[in-house]
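Novice: Taken in sequence, the protein lines are chains A and B.
Letter 214 of the first sequence, counting from 1, is numbered 214 in the working numbering, and no numbers are missing.
To get the working numbering, take the position in the second sequence, counting from 1, and add 374.
Bear in mind the hints are in silico, worked out from the structure with no lab data behind them.
Backbone N, C-alpha and C define an ideal beta-carbon position, used for all residues, glycine too.
Don't take each hint at face value.
The calculated lysine to aspartate or glutamate pairs, modelled on DMTMM-like cross-linking and capped at a C-alpha distance of 25 Å, are [claimed, not checked]: (1) B/Lys650 with B/Glu637; (2) A/Lys355 with A/Asp79; (3) A/Lys355 with B/Asp385; (4) B/Lys650 with B/Asp709; (5) A/Lys15 with B/Asp709; (6) A/Lys355 with B/Asp453; (7) A/Lys15 with B/Glu719; (8) B/Lys729 with A/Asp162; (9) B/Lys729 with A/Asp79.
Some chain A residues near chain B, calculated using beta-carbon distances under 10 Å [as the list claims (entries may be wrong)]: (10) Ala33; (11) Gly318; (12) Ser319.
Read off the chains here:
Protein chains: 2
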Amino acid sequence: MVQTSQISSPDQAIKPGATIGILGGGQLGRMLALAASRLGLRVHVFAPESGPAFDVCTRHTIAAYEDEAALTAFAQAVDVVTYEFENVPARTASVLNATRVVRPGADALAKTQDRLVEKTFLNNLGIPTAPFHQVDDAGGLARGVAQLGRPSILKTRRFGYDGKGQALVREGSDLAVIYRSLGAKPCILEGVVPFVKEVSVIAARGINGAFAAWDVCENTHDHHILSVTRAPAAISEQSAVEAMEMAKTIADALDYVGVIAVEMFLVEDKKADGAKVERLVVNEIAPRVHNSGHWTIDGAVTSQFEQHIRAICGWPLGSTRRHGRIEMTNLIGADVHQWHDLLGEPGACLHLYGKHDARPGRKMGHVTRVFPET
Amino acid sequence: MVQTSQISSPDQAIKPGATIGILGGGQLGRMLALAASRLGLRVHVFAPESGPAFDVCTRHTIAAYEDEAALTAFAQAVDVVTYEFENVPARTASVLNATRVVRPGADALAKTQDRLVEKTFLNNLGIPTAPFHQVDDAGGLARGVAQLGRPSILKTRRFGYDGKGQALVREGSDLAVIYRSLGAKPCILEGVVPFVKEVSVIAARGINGAFAAWDVCENTHDHHILSVTRAPAAISEQSAVEAMEMAKTIADALDYVGVIAVEMFLVEDKKADGAKVERLVVNEIAPRVHNSGHWTIDGAVTSQFEQHIRAICGWPLGSTRRHGRIEMTNLIGADVHQWHDLLGEPGACLHLYGKHDARPGRKMGHVTRVFPET
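With the hints as extra help, turn the sequences into a complete structure.
Specialist: Right under this line is the structure:
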């Protein structure tokens, strides 16, 4: 963990009793609402349809993200606006921001919604990413493949998550077919990073520049969906420090306020003498609380959800100290039917999101286990 | 802590996604609702007026506890009914129970609403209480004082809390005036117990008789209102075991389901050789989650709120293991203005109840500090 000293004044702060406005009604909004409630705040959720957060919030608005009258009324009814997903349309953020401060701010959204913009931003900060090539048509894809080779990964620039909006360009793949399979949208071709593990840094930055990161965690995916997060990550101390420094560089560059997640690949290079050297490559930034930070609810002094609320309220950041060695397992689809066994397992901390249908691939809940540090 | 083995079947259990009905909309209902939400349950609060729990529940009903049509509609809309306060009218419980199971059951309410019934029940179980005398008029008070001496404490049999409904009978007190000062209601006169400290046991009993108690905690009051709870209590191991056994005896006798709090006095008797011997006297039973159990949210594997939800849903009870040495401080009235300093104190876990007016004597929130075990 990394934590910088901070100066915080109650004068700049949103007061207990105030209302937090959250765009998005999913499980992240739900857990943000629960954390805000613990701290005496009210929560107003804005979403196009009912979702898990609606059950625990003080008020909700059901309207489209393009409904400017509804957005303005919502902004007037709250004291600060935040969001649980990065694909908030720029126009939505700007309409809201005309009435109430939106945290994290518009720059964080602009830089993270588009993979091309994001990678360019990162490289300009001196932060390594996968090599990439802009693809605007099948010809651009051919030029990209000529440069990055096969296999490489074609991704839509916007609206991708959990492996959606991606296609692998293999030996023999028909480039025109692949480009069309992603809807012939603006894309980015990424070189394959030969990583040995995926890690993430969950961190927070306050309105006064204070910064706090939880220990780097290590993520295992199944069918492109996060399956297990372990903290701390089994990586070198030097890599851990470097990962947290990268997150701080990114947050500072965005003048960020709130919790930010930075997903990274760990690559092991072999030196001439056979020794292995670790190297980090940033995969993507999420300007929000993140699934790989859910372990902080039970496994750290301050959860990512409470920390996000603290940050956007202009409050002092809380301690990111871990309680032990942590394992967080997502309950995807039918996994949720283990609920009764998990309740009977001493020390297993069960979280369910209140979703009705346990459809395949759907995040239904998670379970966190905290073990004594070894 | 004490925890008995348990057998629990998902068939008897209320399922995630179900709705918990809570009578009462205060901070206890609020914290119950937050715990239920974490476990994927919905919450419907029934109360005569809006309160802190309304901000975090899925649905609410505002109606009198005597409104039988509203009670029945509420019961039909939920899967199990519970309550945050012991003064639920018997008729209310019976109307609800005609439609849905009420946990804890009617016997727990009947035995704990009336101080005379409660003390008689306890003595019949062989559990010591303060000596007491039934008082139905000023003459009864005179007979009681003749028996128990002065000082002694006159209390209304029903509806007392935080020192309300009590009067001290001193040397020279006018008995008729004192009796009238409590409204000339049915009363009980209690002998003064020369206690050295006040402790409480917070425990839970499941539908299958499983029992789990957190470590005994020690309570300090200020103007009759709980001020600080420390866990574990600085009492002998023998007293701690005895206290938890008393709680189990009580819960078993009530065929109790849910979290129960038993407040006790610790008395030190001096033996002929000058050695001190500890002795426990039960003060009162609360058939609900309790202020002296708030520390379990941050200080134990399972909080009293989650445990109550587990118990009333027929789920396995969770572990009551402590995370360290605990101190919980209530924020009463203007204490709540410390919120910003408390947020800046590393490791202080702040809970605010979302109440608007910080009136004197009003419980506005609490803060829990967890220290390494010494």
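Novice: If a hint holds in the structure, say so; if it does not, say that too.
Specialist: Cross-check of the supplied hints:
The hinted pair formed by B/Lys650 and B/Glu637 meets the criterion: a straight-line CA distance of about 22 Å does not exceed 25 Å. Distance check on the hinted pair: A/Lys355 and A/Asp79 sit about 28 Å apart at the alpha-carbon level, beyond 25 Å; violated. Taken as a hint, the A/Lys355 and B/Asp385 pair is honoured in the structure, with Cα atoms around 20 Å apart against an allowance of 25 Å. Between B/Lys650 and B/Asp709, the direct Cα distance comes to roughly 38 Å. Violation of the 25 Å bound is thereby established for this hinted pair.
A C-alpha spacing of about 15 Å is found between A/Lys15 and B/Asp709, which places the hinted pair at or below 25 Å, so the restraint holds. Restraint check for A/Lys355 and B/Asp453: satisfied, since their Cα atoms lie roughly 17 Å apart, inside the 25 Å limit. With a C-alpha separation of about 17 Å, the suggested pair A/Lys15 and B/Glu719 falls inside the 25 Å cut-off, and the hint holds. Our distance criterion of 25 Å between C-alpha atoms is broken by B/Lys729 and A/Asp162, whose separation comes to about 40 Å.
The hinted pair formed by B/Lys729 and A/Asp79 meets the criterion: a straight-line CA distance of about 17 Å does not exceed 25 Å. Interface hint status for A/Ala33: upheld, as the beta-carbon distance to the closest one in chain B is roughly 8 Å, under 10 Å. Residue-level restraint check for A/Gly318 holds (minimum Cβ-Cβ distance to chain B is 7 Å; threshold 10 Å). Among the interface hints, the one on A/Ser319 holds; its C-beta lies about 5 Å from the nearest C-beta in chain B, closer than the 10 Å criterion.
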